[in-house]
Amino acid sequence: MEKAAGHEHAEGQQHPLSIYLWIWGLLFVFSTFSYLVDYFHLHGYLRWTLIITFMVIKAGLIVAIFMHMAWERLALKFAILVPPLVLLILIGLMAVEGDYTFLTRLAAFLR
Amino acid sequence: MAENAVTTAGESTSALAGLPGVVSDWSSDKQAFPVPWGKAMMWIFLLSDTFIFTCFLTSYMNVRISTTVPWPNPSEVFSLNIGGTRIPLILIAIMTMVLITSSGTMAMAVNFGYRRHRANTTALMLITAAFGATFVGMQAFEWTKLIREGVRPWGNPLGAPQFGSTFFMITGFHGLHVSAGVVYLTVVALRVWRGFYDRKGSYETVEITGLYWHFVDLVWVFIFAFFYLW
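Heads up: the sequence lines are chains B and G, in that order. If you count the first sequence from 1, position 13 lands on 13 in my numbering, and the numbers rise without skipping. If you count the second sequence from 1, position 150 lands on 150 in my numbering, and the numbers rise without skipping.
Hints may be right or wrong, so weigh each one.
As the list claims (entries may be wrong) - Residues on chain B that point at chain G, a partial pick, calculated with CB under 10 Å:
| id | residue |
| --- | --- |
| 1 | Ile19 |
| 2 | Trp24 |
| 3 | Phe66 |
| 4 | Leu93 |
These are calculated hints, taken from the structure and not from any lab test. A virtual CB, placed ideally from N, CA and C, is assigned to each residue, including glycine.
Using the sequences and the accompanying hints, generate a full structural model.
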C-alpha cells in the first residue's frame with residue numbers, strides 16, 4: 001500500500017512539488033504587481049485593465065493548479081466552470097440598473 | 001470507495017478525451033464524474049458559494065455606481081502609519097500575502113498527503129491554519145480601526161454610507177469562511193496525525209479540504225481587486 005504506484009495514481013493527484021512552488025512564486029509576483037498599481041496611483045482605464053488582468057491570472061492559477069482543475073476531466077470542468085458564466089448577465093443587468101438609479105437620483109436632486 | 005477506484009483506474013486507460021469525453025461521461029447511466037464523491041460535492045458547494053459571493057460583489061458594484069455621494073478612497077482608508085510614513089493599503093497587501101502563503105502550504109500538504117508523509121502533511125496543514133488565523137486576526141485589527149474611525153454599516157464620516165455596509169458584509173462573510181476553514185483544517189490535520197486516513201486507505205479528504213481553502217483564497221483575489229483596488 002505504501003508505494004504502489006498504480007494504486008496511488010488511481011487514488012489522487014500526484015504532481016512534483018516544484019509546480020506548486022512555481023505557482024506560489026507567480027502569485028506573489030502578480031499580487032505585488034496589483035499592489036503597485038495602487039502604490040503608483042495609476043488611474044482610469046489603465047488601472048482597471050491592469051487590476052482585472054492580474055486578478056484573472058491569479059484566479060486562473062489558483063483554480064487550474066492549486067485546485068487541480070487543469071487535470072480534471074472536461075465534464076467536471078464544464079459542470080463547475082460554465083454555470084458561473086450566467087453571473088455575467090446579472091453583473092451586466094445590475095450595472096445598467098445602477099446607472100439608471102444614479103441618473104434618476106441626479107434628476108430628482110436637481111429638480 | 002472500491003467502486004470509485006475501479007472506475008477511475010478503468011477511465012484512465014479507456015476514457016475518451018475532449019467533447020466526445022463529455023458526452024460519454026454524461027451518458028450510458030454511469031457515474032458522470034470519475035472523482036471521489038466528496039470531491040465532486042465540495043466542487044458543487046464551492047460553485048454555490050461562488051454565486052453567493054458574486055451576489056455580494058454585484059450588489060456592492062450596484063450601490064457604488066448608483067450613489068451620488070463620493071466613495072471613500074480605499075487606498076487612504078486602509079493605509080497605515082509605519083515609522084512616521086503613511087503607506088497606502090499596506091495592511092491589505094500583507095493580508096493578501098499571508099493568504100497566498102497559506103494556499104501554498106496547503107497545496108504542499110495535499111501533495112505530501114498523497115505521498116503518505118503523515119508528519120509533513122499534519123505540519124503543513126497546521127501551518128496553513130496558523131496563517132489563516134493570522135489573517136483573521138489582521139482582519140479583526142482592520143475592523144477595530146475602521147469602527148474607531150466611525151465607520152458603521154449604516155454610515156461613515158468618509159463618504160458614501162454604502163461603503164460601510166458593503167465593507168462589513170463582504171469582508172465579514174469572507175472572514176467567516178476563513179475562520180470556518182481554520183477549524184476544518186485543524187480537525188482534518190489532527191485526523192491525519194492520528195493515522196485516520198492511513199486506516200481509511202485514502203488521503204482524498206486532505207485534497208477536499210484543500211479545495212475549500214484555495215477557494216477562500218480565490219474569493220479574496222476578487223475582493224482585493226474589486227473592493228480594495230478599484
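Outcome of the hint check:
no., hint, verdict
1, Ile19, "9 Å, holds"
2, Trp24, "4 Å, holds"
3, Phe66, "5 Å, holds"
4, Leu93, "9 Å, holds"
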